[in-house]
Amino acid sequence: MAIRPLLTKDFATENLEQLAVYERTGGYSGFKQALEMQPDALVDMVKKSGLRGRGGAGFPTGNKWGFLPKGMYPRYLVCNADESEPGCFKDRYLMEESPHQVLEGILIASYAIGCNLAFIYIRGEYLPQHEALEKAIDEARQAGYLGKNVLGKGYDIDVILHRGAGAYICGEETAMLTSLEGYRGEPRLKPPFPAVKGLYGKPTVVNNVETVCNLPHIVLNGAEWFAAIGTPTGSGTRLWCMSGHVNRPGNYEMENGTPIRELIEEHGGGVWKNRKLKAFQPGGASMMVLLPQHLDVGLDFDAIAKAGSLAGAGAMVVMDETTCMVDAARRYVKFFEHESCGKCTPCREGTFWMANLFDQFEAGEAKPGDIDLLLDIGYNIDGRSFCPLGDASTWFPRSVIKFFREEFQEHISERGCPFKKSVQEAVA
Amino acid sequence: MALAKSTAEQIKDLAARYPSSQSAIIPALWAAQHEQGYVTDEAMHEIAEHLGLPPSLIEATASFYSMFLTRPEGRHDVVICINAPCMLRGADEMVAYLERQLGVRAGQTTKDGAITWHSTIECLGACGGAPMMQVDHRFEEDLTPERIDAIIERLREEPAPHAAEPKPEVAAAPAVTPAPVKPEKARPAARPRTKKVQN
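Residue numbers (the numbering used here), protein chains in the order written: chain Z, 2 to 429; chain U, 331 to 529.
I should point out that these hints are in silico values taken from the structure, not numbers from a laboratory.
A few of these clues could be false.
Said to hold, decoys possible - Derived contacts from chain U toward chain Z, CB cut-off under 8 Å, selection only:
#1 Ala346
#2 Pro349
#3 Ile356
#4 Trp360
#5 Tyr368
#6 Thr391
#7 Met397
#8 Thr400
#9 Met417
#10 Cys457
#11 Gly458
#12 Arg477
#13 Ile481
#14 Leu485
Each residue gets a CB set at the ideal place from its N, CA and C atoms; glycine is no exception.
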């Protein structure tokens, strides 16, 4: 198991974002082949492939499609391109380099679930990616891949590209649907799940950009072929977004199950400035911190979960020995405070309270009981929030307290951050 | 200031595309901001009329999303990400450097009206090129003090993006991949758009 370019295999091709070039690399042959199949056979194929959603939760894609109630139409597909998890920048890369691959995946998913109108909800900040998709949709429409009676097969499909306007919460699927309906992006209660009652109250599937990008390859090569890649419970590859203190940050597509060590040390070139690794964080801002002793864990949903964190949306944030773990946790807590939609009290008030306490730690004003207070607040947010945003705001800081409690104590005893170099000094 | 006729037409067209005209609220706000640089109360009332919805609903939506501006700014809008992945690679130092070079605090505009140093910001999805800033709607990655100087110098000369003629732009460097990385390529001419903002 190692580097395994699947979605990114043609990314070195010049002008891949153009339809003619994409077609030359085999583009849209997956969609053409899918149109020759019965939609139910496609759903079965994706179930058998073992493809799990790449947006964060890792839910089996075919099963998600299978939850749509029979005979209820219209149905909608929403492609989640609202990538906003700190540390993640894979969907941006996929949309920028090969927008047609995203679109082809959407067309296959739409056909499989019997949807005639699909949406792409893209975060407002991704303007060049928006432009790339807009152009791809126009090209595909002119070429007859979308519109009425696609390729003469009697199937109608249209795609609306919908641009968000700056709200992390809209990456949560029910908040995304609320936002797509024109409202403030607040989450809804589940159940009913979107598969039953989603966009405009109709059955809806929400799939991540990277998830749909896998579909053309599954259709062309078969479910067994895909299932053989990766691990038994995590088939395929994933794009890992490596950032922080590594020599070569960037996106790396790895076969599932490859040891984390290979990603960081071999492909990322190891920790920068010849420093030692202190900690790393898979998954994104929400996920728990892991330590050098976890380097041999495989890049896989279940393996990372077993190690005490989550693979989430495929981030890999690397932290060297000079990192102040309290400050790292503070950044994430402040992020969640800023992005809390305000709908439920545990998240709205709790993230605010945690952020205040973290500021006090960095400013040297924290008191001995404040470490346990943070844990207590975290305990009272997690599982008591309306949506996963609140829960997730507590996971990283609580894991940091678990592994680096002494750093919090030093912030108290030294009345400030022991790691901080003066900013003025740094830029002088 | 009333919306231009072409913007009003665009909003009506948008409303017709969606199964519900309410879904056109965010696209309509983008259209208004694109034309006028920010979203005025008058524009929100007009959007409400075109979509056949109460004005309160338009404002409720507009006020939720951080990218809609409610007041005019300088010609260019600048934000810097300070979330953890950027912090690890020196974002705080870049913020301090930018403030020193511009001589303004967050939320202020330079005296020549060229640059609004809007604020620090949360993750924009450029962690592989950290530290990063966003200028108008484009990412500037792998920041150094020298790069910031060059960007400032450029912005002091350049017109506002929505006033500029479309011209080819060079995309941000492609992220590192195991596959051979192709050289930076020229992107198609950027459509002039309004400035972005985050609180």
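I'd like to know which numbered hints this structure contradicts. Please list them from smallest to largest.
1, 5, 8, 12, 13, 14
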